[in-house]
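Q: All residue numbers for the sequence shown refer to this note's numbering, where the first residue is 346 and numbers rise by one.
These are computed hints drawn from the structure, not numbers from a lab.
Among these hints, one or two may not hold up.
To be verified - Distance windows between CB atoms, simulated: (1) E414 with G459: 15 to 21 Å; (2) N355 with T455: 30 to 36 Å; (3) S448 with P417: 15 to 21 Å; (4) N364 with S424: 29 to 35 Å; (5) A358 with Q462: 27 to 33 Å; (6) D472 with L422: 28 to 34 Å; (7) Q382 with P417: 37 to 43 Å.
C-beta: ideal position from N, C-alpha, C; glycine also.
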Amino acid sequence: MIADTVPVLNADALIAMANRYAATASACSVCSALVCQGWESMPAGFASSVLRHTATLKRPDVDDPTLNEHHPAGTNLWSADAPIAPAFYPFNRCDVWQCSACSRPFLRYTEYGGYYQDDRIRELHADRVDERAAS
Numbered sequence: 346m347i348a349d350t351v352p353v354l355n356a357d358a359l360i361a362m363a364n365r366y367a368a369t370a371s372a373c374s375v376c377s378a379l380v381c382q383g384w385e386s387m388p389a390g391f392a393s394s395v396l397r398h399t400a401t402l403k404r405p406d407v408d409d410p411t412l413n414e415h416h417p418a419g420t421n422l423w424s425a426d427a428p429i430a431p432a433f434y435p436f437n438r439c440d441v442w443q444c445s446a447c448s449r450p451f452l453r454y455t456e457y458g459g460y461y462q463d464d465r466i467r468e469l470h471a472d473r474v475d476e477r478a479a480s
């Protein structure tokens, strides 16, 4: 699915999506292998085709999104309790995906290094969304 065919979500919409899922959450055999409270590499062998691309955090009006991260409580990129801050890296380069069976929402982006490409995933939790804007 092409990114411009899905809605661009802001922090309020992310919170609403996470809350909708939380209200109906149950164990799902399709996506239960994804245990990703913080950023994780996409598990080898996981059939990512069971996830559907439903939205994006990539703002079309921003040509060069910031690489600054947002960690007001001393967390880091890999911390399970790190804020989900749509205006900051890597969230400003994320797409939103949902399990096709249960609608559990996830954030995904691709990290490009000098000699590698790493598809990363993190479960969306409403209580971690931080609405602060990048300065």
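Q: Next step is simple, just say for each hint if it's right about the structure.
A: Hints, one by one, checked against the model:
Restraint check, E414 to G459: a C-beta distance of roughly 20 Å satisfies the suggested window 15 to 21 Å. For the pair N355 and T455, the supplied restraint of 30 to 36 Å is violated, since their beta-carbon distance comes to about 22 Å. Separation of S448 from P417 is about 30 Å and departs from the stated range, judged on CB atoms against 15 to 21 Å. The given range of 29 to 35 Å is broken by N364 and S424, whose C-beta atoms sit roughly 22 Å from each other.
At roughly 28 Å, the beta carbons of A358 and Q462 sit within the given window of 27 to 33 Å. Evaluation of the 28 to 34 Å hint for D472 and L422 yields a failure: the beta carbon distance comes to about 19 Å. Judged by the Cβ atoms, the range 37 to 43 Å given for Q382 and P417 is violated: they are separated by roughly 18 Å.
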